[in-house]
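Chains as they are written, first to last, in full-length UniProt numbering: chain S, 1 to 305; chain X, 1 to 305; chain L, 1 to 305; chain Y, 1 to 305.
It should be emphasised that the hints constitute simulated quantities derived from the structure, not laboratory data.
All of these numbers come straight from a predicted model, not from anything done at the bench.
Covered by chain Y, according to a simulated footprint, are these stretches of chain S (three or more residues, beta-carbon under 8 Å):
(1) 209-223
(2) 265-278
(3) 296-304
For each residue, glycine too, the CB sits at the ideal point set by N, CA and C.
Protein chains: 4
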Amino acid sequence: MARIAYLGPAGTFTEAALIRLVADGLIPGAGPAEPLPLDSTPAALEAVRTGAAEFACVPIENSIEGSVLPTMDALEAGAPLQIFAELTLDVAFSIVVAAGRDAADVRSVAAFPVAAAQVRRWLAERLPGATVVPAISNAGAALDVVDGRADAGVSTALAAARYGLATLADGVVDEPNARTRFVLVGRPAPPPARTGADRTSLVLRMANEPGGLAAALSELGMRGIDLTRIESRPTRRQLGTYVFFVDFIGHVDDEAVAEALKALHRRCAEVRYLGSWPVDNPAGATPPRLDEADRWLDRLRRGDR
Amino acid sequence: MARIAYLGPAGTFTEAALIRLVADGLIPGAGPAEPLPLDSTPAALEAVRTGAAEFACVPIENSIEGSVLPTMDALEAGAPLQIFAELTLDVAFSIVVAAGRDAADVRSVAAFPVAAAQVRRWLAERLPGATVVPAISNAGAALDVVDGRADAGVSTALAAARYGLATLADGVVDEPNARTRFVLVGRPAPPPARTGADRTSLVLRMANEPGGLAAALSELGMRGIDLTRIESRPTRRQLGTYVFFVDFIGHVDDEAVAEALKALHRRCAEVRYLGSWPVDNPAGATPPRLDEADRWLDRLRRGDR
Amino acid sequence: MARIAYLGPAGTFTEAALIRLVADGLIPGAGPAEPLPLDSTPAALEAVRTGAAEFACVPIENSIEGSVLPTMDALEAGAPLQIFAELTLDVAFSIVVAAGRDAADVRSVAAFPVAAAQVRRWLAERLPGATVVPAISNAGAALDVVDGRADAGVSTALAAARYGLATLADGVVDEPNARTRFVLVGRPAPPPARTGADRTSLVLRMANEPGGLAAALSELGMRGIDLTRIESRPTRRQLGTYVFFVDFIGHVDDEAVAEALKALHRRCAEVRYLGSWPVDNPAGATPPRLDEADRWLDRLRRGDR
Amino acid sequence: MARIAYLGPAGTFTEAALIRLVADGLIPGAGPAEPLPLDSTPAALEAVRTGAAEFACVPIENSIEGSVLPTMDALEAGAPLQIFAELTLDVAFSIVVAAGRDAADVRSVAAFPVAAAQVRRWLAERLPGATVVPAISNAGAALDVVDGRADAGVSTALAAARYGLATLADGVVDEPNARTRFVLVGRPAPPPARTGADRTSLVLRMANEPGGLAAALSELGMRGIDLTRIESRPTRRQLGTYVFFVDFIGHVDDEAVAEALKALHRRCAEVRYLGSWPVDNPAGATPPRLDEADRWLDRLRRGDR
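Isolated chain S, as found in the complex (with noise of 0.2 Å):
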């Protein structure tokens, strides 16, 4: 039984991507998994290097807040992780109340600091007397309803439901395409199948010379290689030299991508590799087939021309 870390308590939208992950059949290897609750992201990750757990779950993308940096940090430093599915759930809140509660009984929300500012003209439409008072989660903001300490919650659907809460609404975000995007992470394996739509994820570590990014991004677009996603951290470790994480699309097993992973071995001072996994929702041009270019050369090979 597959034990998979994610972020508790029970009621995340963390265990929400979780279920979905499992429901879908995405966790590598079959069988029933054990969801396994901790305090945080980085403690779910260090649970997959210690084998506390097989897998964990983690957020890695906001489309509102941006790159979840715990977890690039986590996955850039220390023993190698890699990455084997991903799930992009929209953002959308329940506002939770105890059973039998409704909006005009309400004088207290209890709101995670992240979760009220992405609420916040919700609130003051729907609950413009009541006062929000902060809480350590989204699924905490729940228990803070079950516990009485406040008359409200901006939680999750999972967590009204785990906890026995009623919902005055669902749904509820003020900005729409709000969107999270949930990863997989386990100890490093054999990556899942080339599907044909597939993300390929990078860590590069160069010397910070001028021009030397765009070299090495080069090696991408000269073969046709989509980039999804490319960020800058200036490292800890040594200074003066900086990481980028880079996604594409295109799997190791495409022979473009093969090309540019080796190619960017010999250029970079580390490539860690993060993984080649399905993409959720199909965005960016798949990285051009060479059979025809193998054919040829192969009939260059035989002298057939």
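With chain S held as given, fit chains X, L and Y onto it using these hints.
Leaving out everything else, chains X, L and Y in the frame of chain S:
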């Protein structure tokens, strides 16, 4: 008198940065400055757009948490804004208590969740019995002490001074070398004079074609211009297009930078210029001077060889 | 009076080109020109260097035989020379005979071997019984007829006129579209004014590192400058280094060209500028104008957005 | 028995090269070779196409006169041909006379005009009173002596031996270091095995877009492949398109070369492969081995990190 908007209330790190910018003479135009506390970073930038303030002082990058996306998003869209100065502050909290209290009195500690995460080890070692209660901001943690909602607060030295609190410890942070970079933002105007150690910041918008970003970065790299930051963000306005935030060493009055800007203007769908200003702590190579090449070209044109 | 050296004797294609250049007003400076026949192309160029002539008219490229290496080598080494004009002539021979003779009288045909190769099919069809005897030059073939060493000569219309000979046929050549490009060479001086359809020629010397030439050509390509010729030549002076002859469309007073020249000056061991001059028959894209980008940059510098 | 066509008559430099190629065992297939003199280089290559010969030995490049265009043009168009070997000979003439004659007897010297230009200084110093009379080829200059049309001939050591002539001097040439490179050309077949010091030659056809050639050369440069020759030629077939002759160090069985060939095949309108064969005198850097990168990639695919 220049009104300078910032994320209030009084006592935040942002106000501390603002005070330093004023003291260092980095506010364009002579005369005194009037701090204007507002309740969010986007609100501070919007005040500049509406004319309610001449400038805003906002965080843009944190070495632990990465880019401050509300700042970046506000710079990227809407009426043009421009950066005129920067200041980097070490992140270091003060643990504040009411005057006359000491560690033995502390049962509860108010902390903004982000701050709580950055002092977790310190609290576990030095205040092991205390419960963390969430605060609305770093300055709010001090107010929680003032108002008796908590025995101690994870706050700033400035807030302690403002609110007449004592400090159990200053310079508290688990991860040394944590730093936040703040920028001074105003409406478009001639940039500060070139100093030879300047930073220029751009937002590039382009179609997401394989190789497009590599080609754009080559316009910088081939001219010997040293990238110090790059970050992609999907645009919300148009599916399949990205914006790239790019920082590099150099000033619009460096000839190599002027050339590169013009080339990017031709190559990209849009180049949003966010300003050129003196760097706070120099890092990265200055763009090459082209004076010798200019003289050579002049000789060619005069037929003097 | 400008003395213009050329490969004599009178009656060569080169003299025909020279006459056209004078007639078209392409000789810098007003006033009449004095042709100065010399016995080789290098001798004509050397006469410019010594001051024995103001200009030399020399062939530089032939569509059948390729580059004229003695011209290129003389331009590449020694005191700097500069090209001021070009003229492209169709290669077309005149078959000359003594006045009153016709094809039936022809038993022998004098021909410079290069010319013989270009009219082989014509001779086989029209003068099948005649023996080819080698001549020292195209003009020399006419002199061989004058002096009775051959019944006919493969020569030029100009030579026929000069030496009072009749022609059996004009415009004779096996391969249509054969053309020779001639250039007018002088000592360094301000180039002719930009016309919007100009050619610039360079000799680049650089270390033979993998990627070095590609990087140099990228300085042209990225600026939208259109290469019309490239040719590598090993240098005789230093083992393992190459020179590259590069022609492109544009003038040193095109801003994109000026930028590219400066970039090459920084990148290459040596850039020898061979001039900018109006093209004879326009082919290739003109460099992009940067006026709009210049205005945009000026607005950035003024804060006017 | 392999028939090998060459530019006759017997005694040319080309025949000397052919004899050396045979002696050095560079003719593919075992067994004796039969030289087949023809009257031009294109005729020799055409004989290979028709099957009248198995191979042709032809000059391709001369360090003084540059590329041998009839050879290049014949390789570039028509049914595919392939190069299997190369040989570089120093250019050095023999001054031939009838047996028993010496310098004092020489009033006239037969010389192919190209050869005459290369020994001009020598003749001026050593046979100052002699008149140069044009010969049809280097071997023809020897026949002119045999037939009494001239007292001496600028010819080859091989021709002297073939025609029973004496030599006044051997190794005669004004410009030392003059060399001609000859190649052995056949119909397409598997190339000779990789030796680690090989040359590959291509003809690239592409639309004449700014930056197109730079991008194509980048496919070589970025893979660490060392260009040893490049030459553009306007195509006769289609206005505004060019072909580029490109030579580089490496073999189709070098992984970096195979990658680059496939990339060029995708990028160019046409890539004509002219073969991979051992270089005669190594110059230029061997392509990087990718074995280590291959092993790294294998480990990624196996999850073995």
